[in-house]
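Trainee: For reference, the chains in residue letters:
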Amino acid sequence: MELQLSDEQKLILESAERFASEKYTFADRRSRVTRGETFNRDTWRQLADLGWFGIGVPEEAGGFGASTIENTLIAEALAKAQALEPYTMCAVLPARILAACPEVECAQAALAALIAGEQVFALAYSETISRGDPAAITTRASKTADGWAISGRKTLVVGGDVADQVLVTALDAETSALHLFLVDGSAKGISREGDKLVDWTSGLDLVFDGVQVTEGERLASGDDALAIIRAALDDAAVVLCAEAVGAIEGAIEVTAPYIKERHQYGVSLSSFQVLQHRMADMAMELVLARSAVMCALHALSNAEPVERSARVAGCKAYVTRIGKWATSQGIQLHGGYGITEEYSVGQYYKRLLVIDALLGRQDFQLGRYTEWMTAQLPAA
Amino acid sequence: MNFEPDYVDTQFREEVRAFLKAKLPAEMAARGRSGFLTGRDDALAWQKILAEKGWSVPHWPAEFGGPSWTARQRYIFDEECYLAGAPVTNIGGVGLVGPVIFTFGTAEQKARFLPGIRNGDTFWVQGFSEPGAGSDLASLRTSAVRDGDHYVVNGQKIWTSFGIFGDWNFLLVRTDPDAKKQAGISFLLLDIKSPGVTVRPLDSLEGSHHLAEVFYDNVRVPVENLVGEENKGWSYTKFLLFNERAFYGAEAPALKRYLQKIKHIASIERAGSEPLIKRPTFAARLAEMEIEVAAIDMTVSRVIAHGLDPRNGGDAVGSILKARGTELAQRLTDMLVEIVGDYGAYHYPDTNEEPDLRNDPFTGPDYAPGLMAELVYRRAASIYGGANEVQRNIVAKTLFGF
Ligand SMILES: Cc1cc2nc3c(=O)[nH]c(=O)nc-3n(C[C@H](O)[C@H](O)[C@H](O)COP(=O)(O)OP(=O)(O)OC[C@H]3O[C@@H](n4cnc5c(N)ncnc54)[C@H](O)[C@@H]3O)c2cc1C
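Line order of the protein sequences matches chains A and B. Throughout the first sequence, residue numbering follows the numbering used here, covering 11 to 390 in sequence. Throughout the second sequence, residue numbering follows the numbering used here, covering 25 to 426 in sequence.
Where hints are given, some of them may not hold.
[As the list claims (entries may be wrong)] Below, a list of computed lysine-lysine pairs in the BS3-like style, where the Cα atoms sit at most 30 angstroms apart:
| # | chain 1 | residue 1 | chain 2 | residue 2 |
| --- | --- | --- | --- | --- |
| 1 | B | K302 | B | K280 |
| 2 | B | K45 | B | K77 |
| 3 | B | K134 | B | K217 |
| 4 | A | K270 | B | K47 |
| 5 | B | K287 | A | K206 |
| 6 | B | K421 | A | K270 |
| 7 | B | K302 | A | K334 |
| 8 | B | K204 | B | K256 |
| 9 | B | K134 | B | K256 |
| 10 | B | K421 | B | K256 |
| 11 | B | K280 | A | K334 |
| 12 | B | K287 | A | K334 |
| 13 | A | K270 | B | K205 |
| 14 | B | K217 | B | K72 |
| 15 | B | K256 | B | K45 |
| 16 | B | K262 | B | K134 |
| 17 | B | K72 | B | K134 |
| 18 | B | K421 | B | K205 |
| 19 | B | K47 | B | K77 |
| 20 | B | K421 | B | K262 |
| 21 | B | K134 | B | K47 |
[Stated by the list, open to error] Derived, one-sided and incomplete: chain B residues facing chain A with beta-carbon distance under 7 angstroms:
| # | residue |
| --- | --- |
| 22 | D160 |
| 23 | L226 |
| 24 | D227 |
| 25 | A295 |
| 26 | E362 |
| 27 | G365 |
| 28 | H371 |
Since the hints were made in silico from the structure, they are not lab data. Computed from a predicted model, the values in this text were never measured in an experiment. We treat Cβ as the ideally placed atom computed from N, Cα and C, and that holds for glycine.
Hey, can you work out the whole structure from these sequences and the hints?
Mentor: Next comes the structure, spelled out in structure tokens:
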């Protein structure tokens with residue numbers, strides 16, 4: 011085991027930080043938000059050109075090797091810079107799924123287009139009753155003469171407003187087995203409802219009304235499909251937690267100088283011990299959150315699927331809980347300025363609220379962890 | 025101590041319920057319950073409905089139109105209004121400046137301003153905080169210089185709640201730059217349409233514009249709009265801030281409404297086939313909060329019944345309630361967002377602030393819009409009305425002399 015970043019990993023982190031801080035200035039972000047722009051294709055292309063979409067994808071699948079560790083470094087840097095483009099949800103997550111379908115022709119072409127940044131992908135798996143569980147869905151796929159017809163509503167589809175291709179799950183209308191399809195984003199019968207998420211990033215409902223797909227666009231089915239999706243969701247959840255780490259760090263880095271400079275009662279706010287301790291607690295949460303992500307990364311590369319999922323769930327429950335707290339305290343220490351769009355600190359808190367919602371909330375994650383933990387107990 | 029139900033209170037509660045059932049329009053109640061802050065139209069319209077019944081200024085004395093209720097009755101009234109989804113009336117007028125005017129104002133000021141507040145004709149907004157004067161309010165710098173029978177006001181206020189809705193602005197100005205901080209402050213009433221006033225709405229995190237900056241550039245305010253004596257504004261302010269904390273600090277009725285809402289939504293929302301409320305882990309977390317709300321409610325009831333009591337936090341009870349009440353509200357609104365699942369992350373435009381958008385279609389269940397806005401707004405509750413750190417300083421000083 012080596013708990014330090016390698017030289018190569020350090021390089022990736024540094025270049026990610028440099029790129030993100032130059033690309034995503036707060037002023038630029040503000041003006042994009044005002045224009046209502048959730049996604050910029052040129053920027054997306056630039057991220058792809060940096061090689062960040064193929065990282066974590068095995069070389070034999072057309073990726074650049076490396077692992078989820080490298081994805082977390084990039085995600086952390088992007089979140090700290092408050093990137094609007096959904097790296098974790100639209101690059102890491104769909105790439106994992108596509109790479110897990112090496113036998114399917116269209117999946118391989120799609121993966122190449124994803125890695126090159128030529129096309130944008132979204133995963134539409136969640137529905138109101140899912141709450142993190144990809145098996146809990148009601149969308150149906152009915153057999154047609156030459157393929158399938160999909161009907162149902164998917165929620166919180168990140169990238170759904172811009173995706174060229176959408177990965178969709180549906181239950182077989184006859185057998186109730188779960189199928190995973192790759193659907194053209196402009197296919198007839200897909201409509202979009204909703205606008206964007208509270209942190210101004212992409213996310214909305216995709217409604218499928220008899221959307222036709224061919225048999226060749228069915229990527230996987232049954233237990234295989236669920237296993238592929240679950241493994242990809244685990245990877246993505248850890249990368250999302252790395253985003254949370256970046257957000258916590260960002261909130262700390264803007265709050266510390268703020269309370270130093272701000273004066274009330276003739277003294278710097280940083281002279282109040284209660285605020286010093288608050289920031290000390292925030293710093294403690296940052297250290298522990300990063301370690302929690304490392305625990306989850308450790309499980310990803312070592313543990314069996316059941317334990318791996320449980321440990322990832324534990325990480326997500328913990329990191330979102332302390333992350334929401336730490337970023338909310340960034341707002342608190344800014345006073346009124348903290349709740350305006352004119353200061354960046356509140357965006358970190360809103361990002362945490364969205365991270366909490368994505369891929370299953372704290373309650374669901376704790377439930378998963380608890381189930382596994384208690385199953386480990388020796389029988390009484 | 026005994027806990028027998030009070031017949032008079034029970035009867036009063038029923039009377040209030042019957043009134044709300046008959047007079048609170050369903051659409052207004054839906055907007056009130058949504059989680060978005062009440063807009064100007066509903067605040068004033070509801071105030072008018074209450075005024076017809078003589079209930080629009082519950083804690084004003086009878087001679088100014090108050091209903092002569094006991095403190096307990098006022099609390100019951102508030103609670104029932106909240107639970108029914110009634111809009112929040114203009115706190116700046118009814119709760120804050122109204123009492124200052126009837127307590128310290130001239131006969132002319134009372135005659136001129138109180139009916140407009142009582143009847144829902146004028147909307148008042150509070151101009152105390154400045155960019156450099158937040159927690160340390162007494163360091164405010166906006167100045168007023170006497171020029172004949174006017175004051176000439178120059179400076180800037182910030183965080184003016186509902187600034188864009190305002191007709192009138194009550195504000196603190198420095199009239200004696202040489203006096204000790206608190207000693208040179210006066211309390212003015214200012215027509216927000218006066219030349220030289222600029223209101224700039226601020227973008228809040230949740231996408232609304234309930235806060236504003238207000239700039240004053242040589243604004244002329246007639247001297248008859250000075251409340252009380254020049255340079256005595258700080259004592260009226262302390263009176264006002266006491267009212268603010270006492271009446272609005274804990275917001276126990278709002279806490280009860282959150283509980284009600286959580287139970288409602290968690291019975292509808294499902295994880296797989298199971299309603300959320302049936303999940304033991306979820307229900308236990310909710311139970312803990314409900315138990316805490318009951319304790320806060322009892323603390324408020326004790327203040328209402330007996331005033332300050334050393335067995336109930338003594339002089340620090342206002343700060344205790346403010347800090348704990350707002351922090352519990354933060355946890356409850358967090359749970360509200362959590363239980364709507366995926367739609368908890370969606371941005372919904374504020375249809376209370378922008379009536380034009382009310383008929384636009386939206387995605388998700390009808391209770392989803394407003395929940396996130398309320399959660400984000402509640403982050404501010406530990407900042408406004410005296411930040412919670414400052415409340416804890418007060419508790420430590422009051423109870424222990426630290
Ligand atoms: C939603 C909202 C509505 C508001 N409405 C109005 C309104 O209508 N009219 C109006 O005049 N004002 C209004 N305010 C302003 C509000 O009163 C101030 O925000 C508040 O007094 C805090 O001041 P500040 O924002 O400048 O923060 P600061 O005073 O700069 O405080 C920043 C942080 O430092 C901490 N701090 C400050 N002093 C101490 C200390 N001595 N010890 C320990 N910690 C300390 C605070 O607790 C806070 O966490 C509103 C604010 C908000 C957020």
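Trainee: Could you run down the list of hints and mark each one as holding or not?
Mentor: Hints, one by one, checked against the model:
1. B/K302 to B/K280: Holds - the C-alpha atoms of B/K280 and B/K302 are around 20 angstroms apart, at most 30 angstroms.
2. B/K45 to B/K77: Given pair B/K45, B/K77 holds - Cα atoms ~14 angstroms apart, limit 30 angstroms.
3. B/K134 to B/K217: Roughly 21 angstroms separates the two Cα atoms, so the pair holds.
4. A/K270 to B/K47: violated, 52 angstroms
5. B/K287 to A/K206: holds, 27 angstroms
6. B/K421 to A/K270: Distance ~25 angstroms between B/K421 and A/K270 Cα, so the pair holds.
7. B/K302 to A/K334: holds, 26 angstroms
8. B/K204 to B/K256: Judged against 30 angstroms, a Cα distance of about 12 angstroms means the pair holds.
9. B/K134 to B/K256: holds, 19 angstroms
10. B/K421 to B/K256: holds, 25 angstroms
11. B/K280 to A/K334: Measuring from Cα to Cα gives roughly 24 angstroms; hence the hint holds.
12. B/K287 to A/K334: With a Cα-Cα distance of about 23 angstroms, the restraint between B/K287 and A/K334 holds, given a limit of 30 angstroms.
13. A/K270 to B/K205: holds, 23 angstroms
14. B/K217 to B/K72: Measuring from Cα to Cα gives roughly 23 angstroms; hence the hint holds.
15. B/K256 to B/K45: violated, 45 angstroms
16. B/K262 to B/K134: It holds: about 20 angstroms lies between the C-alpha atoms, which stays within 30 angstroms.
17. B/K72 to B/K134: Distance of about 19 angstroms is within 30 angstroms: holds.
18. B/K421 to B/K205: holds, 21 angstroms
19. B/K47 to B/K77: Holds, because 10 angstroms separates the two Cα atoms, which is no more than 30 angstroms.
20. B/K421 to B/K262: Within the cut-off at roughly 17 angstroms; holds.
21. B/K134 to B/K47: holds, 29 angstroms
22. D160: holds, 4 angstroms
23. L226: holds, 5 angstroms
24. D227: With a closest approach of 4 angstroms, the B/D227 hint holds.
25. A295: holds, 4 angstroms
26. E362: holds, 6 angstroms
27. G365: Holds: closest Cβ of chain A sits about 6 angstroms from B/G365, inside 7 angstroms.
28. H371: holds, 5 angstroms
Violated hints for the displayed structure, listed by number in ascending order: 4, 15.
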